[in-house]
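Now for the letters of each chain:
There are 2 protein chains.
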Amino acid sequence: MDAKREITIYDIAKEAGVSTATVSRILSNSAGVKQDKRERVQALIEKYNFRPSALARGLSETHSKVIGMLCPDVRNAYYANLFMECERTAFENGYTLVLNNTFAQESLEIAFMEKLLEQRVESLIVCGGVADWRPLPERYAKSLERFAKRVPVVVAGKLDIEPCHQVYIDHAQAMCAAVRHLLTLGHRRIAFMHGFTYIYQTQDKLQAFQETLQEYGVTPRAEYMINAGEFDEQAGLLGMKRLLCLPEPPTAVIAMNDLMAAGALQAVLRLGYAVPGDFSIIGFDDSIITELTEPNLSSVHYDYVHYGKALIQTALCAMNGTQCARDQVIPFRIAVKASCRKIDA
Amino acid sequence: MDAKREITIYDIAKEAGVSTATVSRILSNSAGVKQDKRERVQALIEKYNFRPSALARGLSETHSKVIGMLCPDVRNAYYANLFMECERTAFENGYTLVLNNTFAQESLEIAFMEKLLEQRVESLIVCGGVADWRPLPERYAKSLERFAKRVPVVVAGKLDIEPCHQVYIDHAQAMCAAVRHLLTLGHRRIAFMHGFTYIYQTQDKLQAFQETLQEYGVTPRAEYMINAGEFDEQAGLLGMKRLLCLPEPPTAVIAMNDLMAAGALQAVLRLGYAVPGDFSIIGFDDSIITELTEPNLSSVHYDYVHYGKALIQTALCAMNGTQCARDQVIPFRIAVKASCRKIDA
DNA sequence: TTGAAAGCGCTAACAC
DNA sequence: GTGTTAGCGCTTTCAA
Numbered sequence: 007m008d009a010k011r012e013i014t015i016y017d018i019a020k021e022a023g024v025s026t027a028t029v030s031r032i033l034s035n036s037a038g039v040k041q042d043k044r045e046r047v048q049a050l051i052e053k054y055n056f057r058p059s060a061l062a063r064g065l066s067e068t069h070s071k072v073i074g075m076l077c078p079d080v081r082n083a084y085y086a087n088l089f090m091e092c093e094r095t096a097f098e099n100g101y102t103l104v105l106n107n108t109f110a111q112e113s114l115e116i117a118f119m120e121k122l123l124e125q126r127v128e129s130l131i132v133c134g135g136v137a138d139w140r141p142l143p144e145r146y147a148k149s150l151e152r153f154a155k156r157v158p159v160v161v162a163g164k165l166d167i168e169p170c171h172q173v174y175i176d177h178a179q180a181m182c183a184a185v186r187h188l189l190t191l192g193h194r195r196i197a198f199m200h201g202f203t204y205i206y207q208t209q210d211k212l213q214a215f216q217e218t219l220q221e222y223g224v225t226p227r228a229e230y231m232i233n234a235g236e237f238d239e240q241a242g243l244l245g246m247k248r249l250l251c252l253p254e255p256p257t258a259v260i261a262m263n264d265l266m267a268a269g270a271l272q273a274v275l276r277l278g279y280a281v282p283g284d285f286s287i288i289g290f291d292d293s294i295i296t297e298l299t300e301p302n303l304s305s306v307h308y309d310y311v312h313y314g315k316a317l318i319q320t321a322l323c324a325m326n327g328t329q330c331a332r333d334q335v336i337p338f339r340i341a342v343k344a345s346c347r348k349i350d351a
Numbered sequence: 007m008d009a010k011r012e013i014t015i016y017d018i019a020k021e022a023g024v025s026t027a028t029v030s031r032i033l034s035n036s037a038g039v040k041q042d043k044r045e046r047v048q049a050l051i052e053k054y055n056f057r058p059s060a061l062a063r064g065l066s067e068t069h070s071k072v073i074g075m076l077c078p079d080v081r082n083a084y085y086a087n088l089f090m091e092c093e094r095t096a097f098e099n100g101y102t103l104v105l106n107n108t109f110a111q112e113s114l115e116i117a118f119m120e121k122l123l124e125q126r127v128e129s130l131i132v133c134g135g136v137a138d139w140r141p142l143p144e145r146y147a148k149s150l151e152r153f154a155k156r157v158p159v160v161v162a163g164k165l166d167i168e169p170c171h172q173v174y175i176d177h178a179q180a181m182c183a184a185v186r187h188l189l190t191l192g193h194r195r196i197a198f199m200h201g202f203t204y205i206y207q208t209q210d211k212l213q214a215f216q217e218t219l220q221e222y223g224v225t226p227r228a229e230y231m232i233n234a235g236e237f238d239e240q241a242g243l244l245g246m247k248r249l250l251c252l253p254e255p256p257t258a259v260i261a262m263n264d265l266m267a268a269g270a271l272q273a274v275l276r277l278g279y280a281v282p283g284d285f286s287i288i289g290f291d292d293s294i295i296t297e298l299t300e301p302n303l304s305s306v307h308y309d310y311v312h313y314g315k316a317l318i319q320t321a322l323c324a325m326n327g328t329q330c331a332r333d334q335v336i337p338f339r340i341a342v343k344a345s346c347r348k349i350d351a
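Sequence order for the protein chains is A and B. Quick note: the first sequence uses this note's numbering, first residue 7, plus one each step. Quick note: the second sequence uses this note's numbering, first residue 7, plus one each step.
Note that these hints are calculated values from the structure, not bench results. Mixed in with the good hints there might be a few duds.
Copies of the same chain look alike in the list, so a pair counts if it works inside one copy or between any two.
As the list claims (entries may be wrong) - With a straight-line cut-off of 27 Å between C-alpha atoms, the simulated DSSO-like cross-links for lysine-lysine are:
no., residue 1, residue 2
1, Lys247, Lys20
2, Lys164, Lys348
3, Lys20, Lys348
4, Lys53, Lys155
5, Lys164, Lys148
6, Lys348, Lys71
7, Lys155, Lys343
8, Lys121, Lys148
9, Lys247, Lys148
10, Lys71, Lys121
11, Lys247, Lys164
12, Lys148, Lys53
13, Lys20, Lys315
14, Lys121, Lys247
15, Lys121, Lys43
16, Lys40, Lys53
17, Lys121, Lys164
18, Lys315, Lys71
19, Lys155, Lys20
20, Lys121, Lys53
21, Lys155, Lys71
22, Lys20, Lys121
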């Protein structure tokens with residue numbers, strides 16, 4: 007299995023009695039090859055199950071036909087969705103998408119970037135991770151900047167590094183919509199449960215949360231804005247417990263994402279309360295998680311198909327030098343499910 | 007950004023006044039290069055942020071340092087877990103893992119296999135998808151067999167294609183454990199909700215389910231073995247509804263996976279019953295899903311770290327010709343959470 | 001310790 | 001239409 011050399015274009019050419027150029031032409035399906043030769047070569051290709059080496063081809067054509075992608079953790083449904091959709095469009099365009107999980111560790115992100123650079127990816131898609139931190143670590147910014155000088159990088163999120171393209175969700179607007187949704191349902195005591203504040207999304211949402219409330223004449227209360235630390239279900243559960251202990255608990259809570267919303271839901275149920283009977287909950291991402299809990303969670307929905315497509319298409323454009331917008335905003339909408347109810351004011 | 011040629015080893019060699027061989031030696035950190043040259047070259051590498059082309063290197067060394075992986079859908083937590091762990095060990099060993107989502111579509115799987123072949127992956131990890139079908143589609147078997155003739159393929163599951171290695175869970179034993187767990191809790195009316203029966207896991211579990219019950223003097227009932235079609239939460243929900251309509255519903259149900267278990271849980275709750283008060287539910291995979299529902303779902307747990315490591319290590323062994331077991335079984339255990347309770351017989 | 005040069009497998013001028 | 005040949009960027013003998 008090991009000793010045997012891979013069969014090459016030379017072998018095929020020789021046995022078919024043609025030149026390698028002819029075989030190459032047939033491989034790339036270019037016109038101008040006599041039918042008989044074409045058939046003879048095809049037969050040989052079948053016979054030996056010959057597949058041209060992408061390495062050699064890439065070296066020769068000086069392009070790898072691969073796009074790199076960085077995300078903190080595909081186990082997170084949000085990134086899994088993005089990856090899927092990106093892979094789909096990349097594949098449709100003849101590209102391979104190589105994904106790396108960075109766990110939002112700066113050194114790992116940089117290490118993967120170096121590796122992707124060596125692999126001569128023709129573009130890089132950065133989803134979350136250190137790119138979301140504010141302020142941005144200097145070393146990271148430098149790395150990304152250097153990367154962007156060689157091949158286009160498009161960020162799924164906001165990132166003001168000059169040469170990077172950005173495709174993102176307007177979290178402020180999204181938060182605004184979520185708040186309004188709850189206000190419309192009659193809620194006035196609304197809480198926002200977030201995670202670490204060094205993530206720009208947290209900052210944007212936090213600000214929009216307060217502004218929107220004020221806009222509608224509701225004074226934001228400090229005890230209703232809680233930092234749960236992490237962004238997972240455990241944090242959501244703990245955070246919600248804290249809210250429930252308040253002398254005057256909120257009637258509705260907005261969670262930073264579905265994972266935290268699911269945790270919040272558990273906290274409520276465990277204490278014997280009902281959702282949406284006693285408390286309304288809404289999350290962000292509208293991932294599969296919203297369909298797994300009872301009740302199903304209302305959530306801010308993004309069009310992942312569109313999102314993924316935009317990411318890759320932007321990369322494609324940038325790669326072939328076509329003019330394309332440096333910024334793109336992905337629309338969202340409130341996916342109303344069963345976790346929020348109308349209350350009497 | 008586009009016109010500029012990538013900097014090469016020649017550029018470095020020239021500017022440093024050494025040969026490319028010397029630069030190459032420095033890149034691979036081989037001994038026997040004078041300190042001064044080494045430093046000069048290093049400086050240049052830094053200066054230009056030079057990264058050797060993996061394409062050229064792969065072509066020259068005739069190995070790509072990449073391993074391919076096929077799975078139906080990373081949005082499924084089970085595959086996401088596997089991928090993560092595989093990526094980790096692959097990376098630790100200097101390999102890149104390229105994942106493709108095949109949606110369990112035969113033609114897509116084959117298309118991706120061809121593509122990976124072209125990329126000269128040094129090994130292939132196949133997780134689920136068409137490989138789980140029984141009988142195995144002939145065209146697929148042929149493709150896989152041809153692939154395996156070139157590079158080692160290791161399957162995360164059972165697959166009796168001669169040259170493939172297998173790392174899998176003993177689903178029969180796992181089912182047996184799940185049944186015994188419920189029997190021990192006093193349940194006698196136990197149901198099993200599965201999906202399509204053309205998946206070998208379904209067949210194995212179904213058989214073990216019946217055998218184990220019989221072994222313990224419980225006669226399996228046809229109406230307690232339901233085929234819900236798909237393997238998702240919707241199927242679980244519908245299937246559970248059917249069970250609840252039975253004149254004599256089961257007191258416990260085993261779901262094919264956590265997704266279906268979550269669906270079953272919803273069905274129970276929506277009809278006003280309690281879990282585990284009125285019904286006990288247990289799933290398979292022990293994915294994050296089990297932590298998102300209330301109550302948390304008991305589930306059959308696999309050690310994903312071990313699983314992923316075994317997959318890659320097997321590939322690594324096979325690649326360098328080291329002797330290694332063709333079959334490996336991954337241990338499991340029952341992760342007891344809150345969805346099953348003891349009942350009086 | 002170092003360099004020259006021959007590949008690795010493919011593509012794309014360029015010539016016929 | 002088809003073949004010759006010069007790269008693509010790196011590694012690795014083989015000599016020096």
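Query - Identical-chain pair category, lysine 148 with lysine 53, by Cα at 27 Å - result: between (50 Å within a copy, 14 Å between copies)
Requested in this report: State whether the alpha carbon distance between lysine 20 and lysine 121 is at most 27 Å within one copy, between copies, both, or neither.
Outcome: between (37 Å within a copy, 25 Å between copies)
Query raised in the report: Is it within a copy, between copies, both, or neither that the alpha carbon of lysine 121 lies no farther than 27 Å from that of lysine 43?
Result: Only across copies: lysine 121 and lysine 43 sit 25 Å apart there, 41 Å inside one copy, limit 27 Å.
Query - Identical-chain pair category, lysine 20 with lysine 348, by Cα at 27 Å - result: neither (77 Å within a copy, 74 Å between copies)
Query raised in the report: When no copy is specified for lysine 155 and lysine 343, does a C-alpha distance of 27 Å or less occur within a copy, between copies, both, or neither?
Result: neither (45 Å within a copy, 51 Å between copies)
Report task. Have a look at lysine 40 and lysine 53 and pick one of within, between, both or neither, based on CA distance no larger than 27 Å. Result -> Cα proximity of lysine 40 and lysine 53: one copy only (20 Å, versus 51 Å across).
**Report entry** Status of lysine 148 relative to lysine 164 across identical chains (alpha carbons, at most 27 Å)
**Finding:** Close inside one copy (16 Å), not across copies (47 Å); limit 27 Å.
Report task. Indicate which option fits the pair lysine 247, lysine 148 if close means a Cα-Cα distance not exceeding 27 Å: within, between, both or neither. Result -> Answer is neither; intra-copy 41 Å and inter-copy 56 Å both fail.
Query raised in the report: Given identical chains, is lysine 71 near lysine 121, meaning Cα to Cα at most 27 Å, within a copy, between copies, both, or neither?
Result: Both, since 16 Å and 11 Å are each at most 27 Å.
Query raised in the report: Taking 27 Å as the upper bound on the Cα-Cα distance, should lysine 53 and lysine 155 be classified as within, between, both, or neither?
Result: between (44 Å within a copy, 14 Å between copies)
Report task. Can you give me the call for lysine 315 and lysine 71, within, between, both or neither, at a CA distance of at most 27 Å? Result -> Close inside one copy (17 Å), not across copies (29 Å); limit 27 Å.
Query raised in the report: 27 Å Cα cut-off: does lysine 121 pair with lysine 164 within a copy, between copies, both or neither?
Result: within (24 Å within a copy, 33 Å between copies)
Hints 1, 2, 3, 6, 7, 9, 11, 13, 14 from the list above are not met by this structure, while the remaining hints are.
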